[in-house]
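Student: If you read the sequences in order, they're chains A and B. Heads up, the first sequence is in the working numbering, so the first residue is 1 and it goes up one at a time. Heads up, the second sequence is in the working numbering, so the first residue is 1 and it goes up one at a time.
The reader is advised that the hints may include incorrect statements.
Stated by the list, open to error - For each label pair, taking beta carbons as the anchor points, the in silico distance ranges come out as:
1) B:Glu40 <-> A:Gln244: 41 to 51 Å
2) A:Arg339 <-> B:Asp68: 28 to 38 Å
3) B:Glu83 <-> A:Arg250: 20 to 30 Å
Simulated from the structure, these hints should not be mistaken for laboratory data. Computed from a predicted model, the values in this text were never measured in an experiment. Even glycine gets a Cβ: it sits at the ideal position worked out from N, Cα and C.
2 protein chains.
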Amino acid sequence: LIVAVVGVGLIGGSVGMAARSRLGAHVRGVDPGSATRALERGAIDEACTDLASALRGADAAVVAVPVDALPGVLDDVLAVAGEDCVVTDVGSAKRAIVNGRDDPRFVGGHPLAGAEAAGVEHARADLFDGATWYLTPTRATSGVLYERLHRLLVALGARPAALDAEAHDRIMATVSHLPHVLANVLVGQAAGALAGEAPPAVGPSFRDATRVAGANPPLWSGIYAANRDALGEALDGAIAALRQVREDLRAGSDLADWQARAARERAALLEDRFGGPLVELRAAVPNRPGVVADLALALGRAGINISDMALAPSVDNTQGVVALWVKEGEATRAVGLVRDLGFPVSAQGAVA
Amino acid sequence: LIVAVVGVGLIGGSVGMAARSRLGAHVRGVDPGSATRALERGAIDEACTDLASALRGADAAVVAVPVDALPGVLDDVLAVAGEDCVVTDVGSAKRAIVNGRDDPRFVGGHPLAGAEAAGVEHARADLFDGATWYLTPTRATSGVLYERLHRLLVALGARPAALDAEAHDRIMATVSHLPHVLANVLVGQAAGALAGEAPPAVGPSFRDATRVAGANPPLWSGIYAANRDALGEALDGAIAALRQVREDLRAGSDLADWQARAARERAALLEDRFGGPLVELRAAVPNRPGVVADLALALGRAGINISDMALAPSVDNTQGVVALWVKEGEATRAVGLVRDLGFPVSAQGAVA
């Protein structure tokens with residue numbers, strides 16, 4: 001099996017490592033910036049300086065270059081790839097890439113992995129273990145080549161899931177790209193509101209909501225641009241929803257029903273994900289080294305998994321609140337364990 | 001010292017406990033719903049059924065009823081309070097409460113504490129330790145009474161901070177109320193986009209951004225209404241910012257500068273808070289009981305404090321990414337410790 005990896009960063013490098021170690025594939029890499037390091041790290045067997053040599057006789061080609069370079073490189077790869085070579089990409093938006101590329105060899109792809117770092121130095125063979133890898137085949141896609149790609153991804157540890165490109169982009173726009181835009185808007189508003197004021201008591205809701213604000217500017221500006229259409233629609237939807245809230249406020253309407261609907265919607269979205277409802281526990285703790293360990297150890301020893309966790313220090317950093325999400329059936333036991341440690345704790349009735 | 005607490009829930013009950021234990025105050029409580037439980041818990045010395053008996057000879061009155069009942073109860077309290085009694089409230093919006101109440105005895109207040117639970121059963125004497133307690137005096141406020149309230153709050157463990165009511169509401173609207181609205185909007189958008197689709201791979205950015213979606217509907221609809229004006233302005237600002245992004249996307253403008261500005265703004269907002277820059281570490285970990293404990297223990301033993309933490313499981317819940325924020329000067333050491341545990345980890349160059 002010969003695999004060509006075009007663009008050997010975190011994703012491309014991890015594809016190479018996994019393909020080598022799990023499939024015994026021969027991996028060729030093309031990347032003027034990192035091919036040498038990729039060779040040193042064992043991510044590829046061979047560094048090629050041109051696409052034609054990398055693609056010669058290849059069974060599969062994975063194009064993992066930055067999104068702004070993707071369309072051009074993808075066309076170059078399709079131009080030199082053999083008849084029997086499946087070609088995929090790893091871009092985070094699919095509509096613009098897939099439309100107009102009705103090539104039987106091409107399947108758009110998007111692995112949901114690797115957000116924690118960038119660069120081939122962080123590549124690892126197990127990056128895709130258990131990760132969803134979206135594929136966006138079209139009616140032009142060759143069934144044989146699609147199946148080969150699917151098997152390749154399974155062998156890399158991923159879980160391929162087919163989706164049409166429109167739905168993929170719409171989903172990513174709302175669950176990933178819009179949150180990033182809103183985080184930026186929020187810090188912009190706060191920076192404006194606080195101009196000249198004393199440092200604010202930034203609460204946990206602000207910290208959580210802005211955690212991704214300003215993430216990796218070159219990467220994210222490329223992602224916004226690549227998913228321009230679907231993100232634009234998501235923005236229109238968000239603007240309309242905010243205007244509605246604005247009107248309701250002005251009219252003095254009660255927003256309790258709206259708030260309750262949001263609780264149900266979030267619960268439904270996250271329940272699907274974990275296969276069951278979660279309960280949020282909130283514990284007040286002194287903010288010192290070791291406290292999180294005490295909490296996590298107590299639950300861990302009892303076999304209770306912490307599905308999600310957020311720690312919010314108080315303003316002066318002496319006290320804090322830890323929010324923990326655990327399975328509903330384990331909530332009572334978890335509350336008891338936290339209480340035994342001497343920390344005030346309560347379960348937040350409603351969910352996740 | 002006689003303190004009257006009107007509304008004995010989490011906040012009122014904690015005021016009572018702290019005033020009794022730390023000041024030896026005699027605390028009278030008025031609350032048809034919870035005065036009996038408050039007596040049992042030792043939050044008050046005496047349960048009164050009418051305001052006049054509670055306020056007789058009182059040195060200070062703390063009105064801690066739900067925001068929608070606040071204006072009426074506050075006026076009732078001011079009507080029966082003595083000339084020499086300082087009266088304060090704990091509402092989360094101040095402009096509407098303070099305007100038109102030019103009474104020398106009244107000082108608007110807002111403690112930033114108690115978000116983790118509700119009800120007198122969760123009241124505790126140390127709830128306010130280290131917590132900012134905003135006070136919004138006006139030119140009508142008596143200096144002597146303001147000073148008495150200030151000393152009382154310090155004795156309760158809080159850190160009083162004076163702010164004008166307009167600035168208070170503007171700040172709370174942007175750092176607290178707007179994040180809640182945006183979280184609701186985000187889950188609404190996602191619920192719409194996903195209608196009929198398979199469960200999405202909800203990413204960590206979505207989880208973080210929607211953590212407070214649908215929080216306590218009766219409480220939060222009251223908070224939105226109470227801070228209607230300032231929240232309306234914050235919404236206008238957010239809508240304008242989103243439209244700008246929408247236009248930039250349509251025009252094909254590069255959003256990298258905008259993204260980078262958000263990174264600087266968030267860093268500035270959070271640096272102020274911790275007195276120094278933080279570095280985000282991201283570690284890939286198996287999602288099983290004990291992992292968070294291992295991480296937190298390793299850092300805790302080395303004396304490294306985790307300022308903030310977020311845990312995002314992967315789609316199938318077998319693997320996850322832990323984000324940790326630590327002081328810049330401790331980041332290298334922290335990375336080494338996490339790596340020693342066998343978890344891939346990287347520091348996210350830029351900050352917080």
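Student: Does the structure break any of the earlier hints, and which numbers would those be?
Tutor: Of the numbered hints given earlier, the structure breaks just one, which is hint 3.
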